[in-house]
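Protein chains: 2
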Amino acid sequence: MSEGGAVGPRAGDEERPTLEDVAAFAGVSRSTASRALNDDAYVSAAAREKVLAAARDLGYSPNQAARSLVTRRTGAIAVVLSEPEARLLDDPYRTAVMRAGYRELADVGRQMVLIFSDTREDLSRTVRFLEGGHVDGALVFAPHRADPLPKALRLLRIPVVFGGQAAGIRRGVHVVDFDNEGGARLAVEHLVAAGRRRIATIAGPQDQSAPIDRLAGWRKTLLDAGLDPADLAEEADFTLSGGANAMSALLARHADLDAVFVASDMMAVGALRTLDAAGRRIPEDIAVVSFDDNATLAPAMDPPLTSVHQDPREQVHAMVETLMRLLDDQNLKPRQHILPVSLAVRASS
Amino acid sequence: MSEGGAVGPRAGDEERPTLEDVAAFAGVSRSTASRALNDDAYVSAAAREKVLAAARDLGYSPNQAARSLVTRRTGAIAVVLSEPEARLLDDPYRTAVMRAGYRELADVGRQMVLIFSDTREDLSRTVRFLEGGHVDGALVFAPHRADPLPKALRLLRIPVVFGGQAAGIRRGVHVVDFDNEGGARLAVEHLVAAGRRRIATIAGPQDQSAPIDRLAGWRKTLLDAGLDPADLAEEADFTLSGGANAMSALLARHADLDAVFVASDMMAVGALRTLDAAGRRIPEDIAVVSFDDNATLAPAMDPPLTSVHQDPREQVHAMVETLMRLLDDQNLKPRQHILPVSLAVRASS
DNA sequence: AGCCGATCTGGGAGCGCTCCCAGGTGTGGC
DNA sequence: GCCACACCTGGGAGCGCTCCCAGATCGGCT
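Going down the list, the protein sequences come from chains A and B. Sequence positions in the first sequence follow this note's numbering and run 775 to 1123. Sequence positions in the second sequence follow this note's numbering and run 775 to 1123.
Just so you know, the hints here were simulated from the structure itself, not pulled from any lab data. Ideal Cβ placement from N, Cα and C applies to all residues, glycine included. Hints are supplied without guarantee of correctness; some may be wrong.
[To be verified] Facing chain B, according to a computed beta carbon distance under 7 Å, are these residues of chain A, among others:
1. Ser835
2. Gln838
3. Leu843
4. Glu905
5. Gly907
[Unchecked claim] Counterexamples of contact, computed for chain B against chain A with all Cβ distances above 10 Å:
6. Arg790
7. Ser805
8. Thr806
9. Met872
10. Val887
11. Leu888
12. Leu1001
13. His1083
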């Protein structure tokens, strides 16, 4: 009479069936049930059928904690976006990365765990989480040079692949990046070939390697073409208004510009507004070429933007592929994987 | 001599210290170590010190799988965005929800696991994941009326709180929504009070309850003011171009419009472009009021948009709070929590 | 002096799963 | 007829943790 109902398990805490339950229901052993569910070799068709049916009937789903306790795999991969809060909201590239991460990981049967890490405040929480064994590996986007995250990650034991250069680390890490300098070169060569001679640039924030490389590509290509880059670069912050202001500054300094290479689509939209307000015709008076070729932005502008095409999905795909290899072989030789870019030519140039 | 090194664990698979290791290092038992780490009662200060020091020295971090196997808690919460792929990319409201979800969950010590669920294709994968015990609960955004997800979730045993109405379910679920109809009423009353009489609306997709309610609010308020809503509504798809086209259609039908209530900021941006191209001055010729009051969009427009203010962070905060209570008490009485909205008046009206 | 409760500690059990190993059954080759 | 070898099955161990319980120690109070 001590077995009263007063204490029992929490209400609503319906017992989940375990593998043992499924096995009993199917009339086989726990081992056989496990083999059937994970379709291992050496299970008779009859046994497999019975187990699958039992699992279905009982509404069985395996306890992931128990499984990963023994397999030492969680099936989850972190995607870390290390970026000050404000930046993320309106950056279409980041949004595309999130989507792509979700899809690409789902395709290899992994679950994405998204981590936003505001560069300073969240560092220790992020590190603690990654270290806690919640995930098998991480895809990390940490574009800012001063970001301490990449170095902190070096000390951890989890496999990491970086999207874009890892701040402060030159070798020994897995990186999948775009050919930023080459892309800038494509853009500027295209403008030179079209007869442009006063080619300015609106560069991105020079605390990140991608915009640094784009600026370098612009400068080198001008020099190669015998043109003088002096005073023709203006730095902005990847935002629309930043692009608009930079364009104003360039126009004020050089009324005779005939082309501008803008380091992102978003800034190009701002530049377009300024040029429009200033009465410049595009491309007749000034040709515009940008970078990103964002699918929803670049073709939708007036006029549609010529833009250096880089596909976030392709980058994330390569990152996932590398990470999967790394998961199989911890000693995989680190490598810089540079993805080629192309130029999508439209009416703005 | 059988203990050769040939087979051993995978290279690079450095042994992680376990609780047992920490305990041995600190010279106490596993139980005491556990108590110290989880700061339970009844641990002497001396023991606690030793354990903490040992954990630090060994670089110990607890095995989450083992922990959640016994506690039956994972510490992770899913945030599910059930939405066709394309929509998500450029919807600032969704982006804000993701950020807010991450922050609010982090604040209560939980990890966000983001799930994108394209309404049709991903249903079974999403359900399987949520059921798999990967997470303790879920915050679900499934705005589309025809979405099968909410109904599927009813059959699961995990606690769920919906953001916005749950498709096809009227009662028995936890919902945190904004007062969409009330917001529309605020907007239209504001326009009426300013002397506007020909007040059109650009409504959102009528397969979602939020835009439906906004449209209803607009209609009722017009009727209450003795104005005729007939033929003054145009439906669009929440995109910029959708808003622009809808505005064109309205102008074509009614050259004498003196105000328009737009069901989202993004569509309002499109409407603004159309009005600008048509040579209408804002607000002199036509007043514009929108919905969302997105921080990066509404104040940045020319002119800045009067908009119905709703704060995604506030919504997510309430959702997290409800979910935490639900986690403690499975029998928590379901309730519709309707958040008030306000009107941010700016130059466009 | 004796006892009781509060404080602290260690060992054992067990969460639900996978993996290893011992064994059972069938089939073919000599 | 017997062995070798595939195929298939069940039981045991153990992953690393938390929780329960039994016991030890120590005051403070009758």
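Checked hints:
The interface hint given for A/Ser835 is met, as the beta carbon of that residue sits about 5 Å from the closest beta carbon of chain B, less than 7 Å. Residue-level restraint check for A/Gln838 holds (minimum Cβ-Cβ distance to chain B is 5 Å; threshold 7 Å). Nearest Cβ of chain B to the Cβ of A/Leu843: about 4 Å, under the 7 Å cut. The hint holds. Given the 7 Å rule on beta carbons, the hint for A/Glu905 holds: about 5 Å separates it from the nearest Cβ of chain B.
For A/Gly907, the suggested interface contact is upheld, since its CB lies about 5 Å from the closest CB of chain B, less than 7 Å. Interface exclusion of B/Arg790 from chain A breaks down, the closest Cβ pair being 7 Å apart, not more than 10 Å. At roughly 19 Å, the least C-beta separation between B/Ser805 and chain A is larger than 10 Å, which holds for a residue marked as non-interface. Every beta carbon of chain A lies more than 10 Å from that of B/Thr806, the smallest distance being close to 22 Å; the non-interface claim holds.
Its beta-carbon lying about 7 Å from the closest one in chain A, B/Met872 breaks the requirement of being farther than 10 Å from that chain. Not every CB of chain A is more than 10 Å from the CB of B/Val887 (nearest about 5 Å), against its label as outside the interface. With 10 Å as the threshold on Cβ separation, the claim that B/Leu888 sits away from chain A is violated: the shortest Cβ distance comes to roughly 4 Å. Remark: the non-interface label on B/Leu1001 is consistent with the geometry, its nearest Cβ contact in chain A lying 35 Å away (cut-off 10 Å).
Remark: the non-interface label on B/His1083 is consistent with the geometry, its nearest Cβ contact in chain A lying 17 Å away (cut-off 10 Å).
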